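Protein chains in written order, with our numbering: chain A, 1 to 262; chain B, 1 to 258.
These are calculated hints, taken from the structure and not from any lab test.
Don't take every hint at face value.
What the hints assert, rightly or not - Straight-line distance between alpha carbons at most 20 Å, and here's what the computed EDC-like set of lysine to aspartate or glutamate pairs gives: (1) B:Lys249 x A:Glu116; (2) B:Lys98 x A:Glu98; (3) B:Lys23 x A:Glu94; (4) B:Lys98 x A:Glu188; (5) A:Lys199 x A:Asp211; (6) B:Lys15 x A:Glu98.
None of the values given here were measured: they were computed from a predicted structure.
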Amino acid sequence: MNSISISESSIAKVSNLKLAYNMDFYEANNLRDFFIKGVRAPIDFLLKPKEKFLALDDISFEVKRGDRIGILGINGSGKTTLCRCLSGMLVPSEGSVETHGEVRPIFNTTISVLPELTGRENAEMLALLLFPDLTPEERQSLVNEGLAFAELGDFLDVPFKSYSRGMQARLCLSVITARPCDLLILDEVFEGADLSFQKKISKRTLSMIEDSGAVVLVSHFPEHIKLSCNRVLIIDKSKLVFDGDVDKGLNLYNKITGLSQV
Amino acid sequence: MNQRIFQRLYWEQVKNLTVANMKSRYRKTFAGFLWVVMSPILIYSVQSLVFKHFLKIAIPNYSLFLLGGILPWIFVTTSIEMCTPLFLTTRDVLLGFKINPLVILLSQLLDNFFNFLFAFLILLIPTWIFFGENIQGLPYLIFALINLVLGVTGVTWILSILQVFYRDTRFVLPFITNVALFLTPIFYPPEFVPENIRAIIVLNPLYILILPVRTCIYNFGSSEFLNQILAANFVTASSLLIAFYYWRKKRNEFYIHL
Numbered sequence: 001m002n003s004i005s006i007s008e009s010s011i012a013k014v015s016n017l018k019l020a021y022n023m024d025f026y027e028a029n030n031l032r033d034f035f036i037k038g039v040r041a042p043i044d045f046l047l048k049p050k051e052k053f054l055a056l057d058d059i060s061f062e063v064k065r066g067d068r069i070g071i072l073g074i075n076g077s078g079k080t081t082l083c084r085c086l087s088g089m090l091v092p093s094e095g096s097v098e099t100h101g102e103v104r105p106i107f108n109t110t111i112s113v114l115p116e117l118t119g120r121e122n123a124e125m126l127a128l129l130l131f132p133d134l135t136p137e138e139r140q141s142l143v144n145e146g147l148a149f150a151e152l153g154d155f156l157d158v159p160f161k162s163y164s165r166g167m168q169a170r171l172c173l174s175v176i177t178a179r180p181c182d183l184l185i186l187d188e189v190f191e192g193a194d195l196s197f198q199k200k201i202s203k204r205t206l207s208m209i210e211d212s213g214a215v216v217l218v219s220h221f222p223e224h225i226k227l228s229c230n231r232v233l234i235i236d237k238s239k240l241v242f243d244g245d246v247d248k249g250l251n252l253y254n255k256i257t258g259l260s261q262v
Numbered sequence: 001m002n003q004r005i006f007q008r009l010y011w012e013q014v015k016n017l018t019v020a021n022m023k024s025r026y027r028k029t030f031a032g033f034l035w036v037v038m039s040p041i042l043i044y045s046v047q048s049l050v051f052k053h054f055l056k057i058a059i060p061n062y063s064l065f066l067l068g069g070i071l072p073w074i075f076v077t078t079s080i081e082m083c084t085p086l087f088l089t090t091r092d093v094l095l096g097f098k099i100n101p102l103v104i105l106l107s108q109l110l111d112n113f114f115n116f117l118f119a120f121l122i123l124l125i126p127t128w129i130f131f132g133e134n135i136q137g138l139p140y141l142i143f144a145l146i147n148l149v150l151g152v153t154g155v156t157w158i159l160s161i162l163q164v165f166y167r168d169t170r171f172v173l174p175f176i177t178n179v180a181l182f183l184t185p186i187f188y189p190p191e192f193v194p195e196n197i198r199a200i201i202v203l204n205p206l207y208i209l210i211l212p213v214r215t216c217i218y219n220f221g222s223s224e225f226l227n228q229i230l231a232a233n234f235v236t237a238s239s240l241l242i243a244f245y246y247w248r249k250k251r252n253e254f255y256i257h258l
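Please work from the sequences and hints to get the whole structure.
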């Protein structure tokens, strides 16, 4: 079931990546304010250049086969934005992001596609959205395996909307972790599941990480990075400030955040 | 993976998600299906009764005339109503994985289209038999309906992106569509509108999209239909191009605002 399809060692290459957003969201986020702004100062409204916020500033690195990269950075530093660029959801304002093979980003693990449908049906929909390249038979066998792993018993045929947050995470994580890929991007996916299930799912996630071509992992927990990664990137104020060894990276990160050394 | 495979995969997702949407909406029962298709049938029946029997509007085969206008109008307005907040209501899915937002939009739209089609056919077949209108336009109905769905796709794509940036869009739209219903020749013919403002009224893009559907079932004329479908194609192509351009331009901010 392994989908790894590339032979070359480079899985992704990020070159001089810059990503800027318009700041107009903070000025008007409804039609009424937009209308008032336009009528009150029409010349400014039409001609004034929009302020930009640089979310990622001149970032370059390469992801090679076998890399297990942990991305660290304080909230708002640009970690998730970088992952979204790598996954192709966001388009660089300058620079480039090249990827080879199947890239699968996962940013949330308590998702329902249609909450009125049962857990089983939601798992099937999730598999369809995540693994569209599989045949229906392959997808069904993957869903069955994931559902057995989730151990939700009779709850599988109950509407997803009645699940607790822990049960939602169980179901989603079991489907999401069912298949490796060329580049796996995991953004804080260890959170959400209940404690009893966390150990089980962590083992499965680590096994998926092992089987995938390369992994980019974002986590606020240095122990997750230490356990799963062989390389660390640190993003601070939209810039890449460190790219290298895990222990050195964790020490630098602790200095940045003001924590004691590991 | 080449473009063709991507398109096939997207279509597979749209198809399955549409079926899941329908299952969810019908609550997997025939009664659920009846509940969904009853609403447009009821609106049509009441309007038909009021305009034909109470107001005694003097249009031959008025039931068929109304059917060709009001049912597509209901499809357009319910699609706008359901699709405009869609990206926000599915934000967890859109932000959680890499999924083309258009897949979500199209599946909702197709779900709505099939509901419209069921209601339309349930009313059309007996009304047609009863009024004995010629069925020459029937084969062309498929082109008019495809164009209608594509045109509504463009309109709802624009509105659903707009809703992400301007959160009161969904509250402004019902007001606009309610006003537009009276200013659009849906339950009355354009000839009822004074000549000096008729040109403006018939330029309503939603009316241009609906008109070929009506012509196929009521007073069909091939040259008239050809002109109407060409105008409708123009509206559809324009709405899709604007939507595509808007999406390309706002894509990065879309995910931030979501």
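Now the hints, each set against the structure:
This hinted pair does not check out: Lys249 (chain B) and Glu116 (chain A) have alpha carbons roughly 34 Å apart, beyond 20 Å. Between Lys98 (chain B) and Glu98 (chain A) the CA atoms are separated by roughly 16 Å; this keeps the pair inside 20 Å, and the hint holds. At roughly 44 Å between alpha-carbon atoms, Lys23 (chain B) and Glu94 (chain A) are farther apart than 20 Å, so this suggested pair is violated. For the given pair, Lys98 (chain B) sits about 16 Å from Glu188 (chain A) by alpha-carbon distance, which is consistent with the 20 Å threshold.
Between Lys199 (chain A) and Asp211 (chain A), the direct Cα distance comes to roughly 19 Å. Compliance with the 20 Å bound is thereby established for this hinted pair. Proposed proximity of Lys15 (chain B) and Glu98 (chain A) is contradicted: the alpha carbons are some 30 Å apart, above 20 Å.
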